[in-house]
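S.K.: Spelled out, the chains give:
2 protein chains.
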Amino acid sequence: MDVSLTHITAADRAAGVGSPLAGFRVLELGHYVAAPFAARLLGDLGAEVIKVEPPGGDPVRQWGARHKGSAPWWSVHARNKRCVTLDLKKPGAREVVLDLVRSCDALVENYRPGQLARMGLTEDALRAARPDLIIARISGYGQDGPDRDKAAFGVIGEAIGGLRHLTNHAPGTMDLPPVRVGVSIGDSVAGIYAALGVVAALLRRERTKQGGEVDVALSESVFSLLEGALPEYGALGSVRQPTGGAIATAAPSNAYRSRDGIWVLIAANSDPLWRGLAGLMGRPELADDPRFAGNQARVANARTLDGLINDWTSTLDAAALETALQGGNIPHTRVFTVADIAADPQMRARGMVQEVEDAVLGPVLHPGVVPRVDGTPNAPRSTGPAVGAHNEAVLGEVLGYGAARIAALRAEGVL
Amino acid sequence: MDVSLTHITAADRAAGVGSPLAGFRVLELGHYVAAPFAARLLGDLGAEVIKVEPPGGDPVRQWGARHKGSAPWWSVHARNKRCVTLDLKKPGAREVVLDLVRSCDALVENYRPGQLARMGLTEDALRAARPDLIIARISGYGQDGPDRDKAAFGVIGEAIGGLRHLTNHAPGTMDLPPVRVGVSIGDSVAGIYAALGVVAALLRRERTKQGGEVDVALSESVFSLLEGALPEYGALGSVRQPTGGAIATAAPSNAYRSRDGIWVLIAANSDPLWRGLAGLMGRPELADDPRFAGNQARVANARTLDGLINDWTSTLDAAALETALQGGNIPHTRVFTVADIAADPQMRARGMVQEVEDAVLGPVLHPGVVPRVDGTPNAPRSTGPAVGAHNEAVLGEVLGYGAARIAALRAEGVL
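These protein sequence lines map, in sequence, to chains D and G.
Be aware that the first sequence starts at 117, since it is given in the numbering used here, and climbs by one per residue.
Be aware that the second sequence starts at 117, since it is given in the numbering used here, and climbs by one per residue.
Treat the hints as calculated values from the structure; they're not laboratory data.
Since we're looking at a predicted model, the values are computed, not measured.
No residue lacks a Cβ here, since even glycine has one placed at the ideal position from N, Cα and C.
Mixed in with the good hints, there may be bad ones.
Said to hold, decoys possible - A short, non-exhaustive set of chain D residues, derived as facing chain G with CB atoms under 7 Å:
id: 1; residue: Ala181
id: 2; residue: Val192
id: 3; residue: Leu312
id: 4; residue: Asp331
id: 5; residue: Pro347
id: 6; residue: Ala458
Let the hints inform the model, and build the full structure from the sequences given.
M.R.: Below you can see the structure in the form of structure tokens.
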């Protein structure tokens, strides 16, 4: 991997200064994926993030592959954060959280609805500490309604949001179950929405001085992606069904297999593109075949059409196939693995693949910041820290606690 | 569908007043999905949105199912927007756009990179009209880099972002191509990120008075969802592979088929949940079977385990299966279609399924606003309007053009 090494310098750390959220401080009472991802996005955009973990650490510290005793994912998941331990079940923790709240603009949490209140961190207590606080809560089903107390497993929320049903081969094509979108899509999309809600509420606060509450459900976040499915059902009673690798309304567009077994996306779903593809296939007469003349006919005969294209792609190795498609100006790409992404000139030119120095892992690849603001691909200011790495810094410098108080909290097992 | 009817009243329209983005005006130079979705989210949060379309209308007006000569999707896709026609290829359009820019806080566009500049709407011209404008640009690959000019098909960006590879059955399981996530996931996630970038830049503007530029790529938006895949590849060279309906790191968690052919998600991926499920299955001895004792063993034998669970689920209709799982407190759900969502008590209690009155369609179902702010499920202030419905209102009231000038623009074919 020939990626230029970015050392994280004091200058990089200070680079938050021009970032959109520079000067805002966010408290993360999060674990697993959704709230920590929301806080990471806010940190990526320049906010200062203080993450509170139980003394045993966020479970994600143990997730995925391990290297040098640490999870590479953690390096990214907790970048630009300071990590403080607090055992929220200990009575002494409450006052520390409220002191943190006093110094923060926003709080992001993803405990079960009502859980923080049961630990003494009620809405009233939080607002008493910081009247204009923005509170963002992420949960499986939302903060109210009959299902609010149900266990918030991401895969369940994704199925309720309608995405699992649609991510499958067409009915009757095969017997295997619908696939999971291969990432925590519900958690991540909920995290982006929560970040949006926090920033929108902060913007309102600038003008009105009022705080706000943001309530994001995994199931609803996924449901929001369903295009026209709900109004079409409401108007016509039609229930959208999955279409496998294809698109319901345009053809040809699918993944086709090369001779060497690589899936290559080809999107030739316009008349001129289809004519060009038929020519590349050495079958120019197909462009005038009534089965494939016009998008409507091609959609109606998509399976036959896909079969003919596959007959062609399976005669070529992926590299030759891509060269041919490139020569014909047909939109295409091989299905990228993460190895393809890491080597991609565009991703690298855009700073989306950055090599940074992690204290534990050494050099490690980090994804860049999305969205990019002001044309500069920002480097991470820091990588995911150790458990409790910033206990003294945050309690001492931010809250002004003396050494004796910090030692007492440690002795009580609060820290 | 027993959904309470919400008539859109003047009070509803005014309800934007307390919304987070009330008082901000956004200009949409968008088409298809990504930029219009970003603008819709900003409108959902209270911004005033002016959408500019060519006189022929945004192509999405023709997409999906049709009812009473209109696309139900459009009712949602363009809700809370005012629609103005402008033929940007006509010389007279430029001045109108710049006048609109003068009156707007943010611009959201998804033309090919450089396309607006080629039509005379350069960065300099836009900034001259409104120095503190926030400009958000959405594209397939980003505004720079070697691939910036490539055609921005969503399915291509999703494949480059790594999601298509991961959304598939495990290697060797079957011969069908990897499925498409059943919605325009790249466009939609890019749209959410663009909305986040706009609001973050507006927040900065409140304090610094400076404008900003937001650059969002479909491929990068999708790539941002890949959890630890990149750092794990960087540290270990491991390339993440798809796992079908299962999760790579926890079992059992999959979709299982009921006797009546409905897929039911079961997430019993902890020791107590698995013990409970084995009991429900009438096979309590399986909980102590060394093949399934502990998560690690269950993951290693997940295919066998899924087969045993399927043997059980296939003996019960979905309703009976759900009753059994509910009784055993095992996290589960049937795979929801949009019909299930529309009928779901939680979705309805949360205002995520609202019946609103559309001028063309009559009563139509709209999804609610995500993220929810301040605990109130906001009703749409208006539904997607006809082409050019607000030409007079916007050019007249917002820009102060007289009737003669508007008539001249119409005569020139600009409107």
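S.K.: Look at each hint and say if it fits the structure.
M.R.: Evaluated hints:
no. : hint   : in the structure
1   : Ala181 : holds (4 Å)
2   : Val192 : holds (5 Å)
3   : Leu312 : holds (5 Å)
4   : Asp331 : holds (4 Å)
5   : Pro347 : holds (4 Å)
6   : Ala458 : holds (6 Å)
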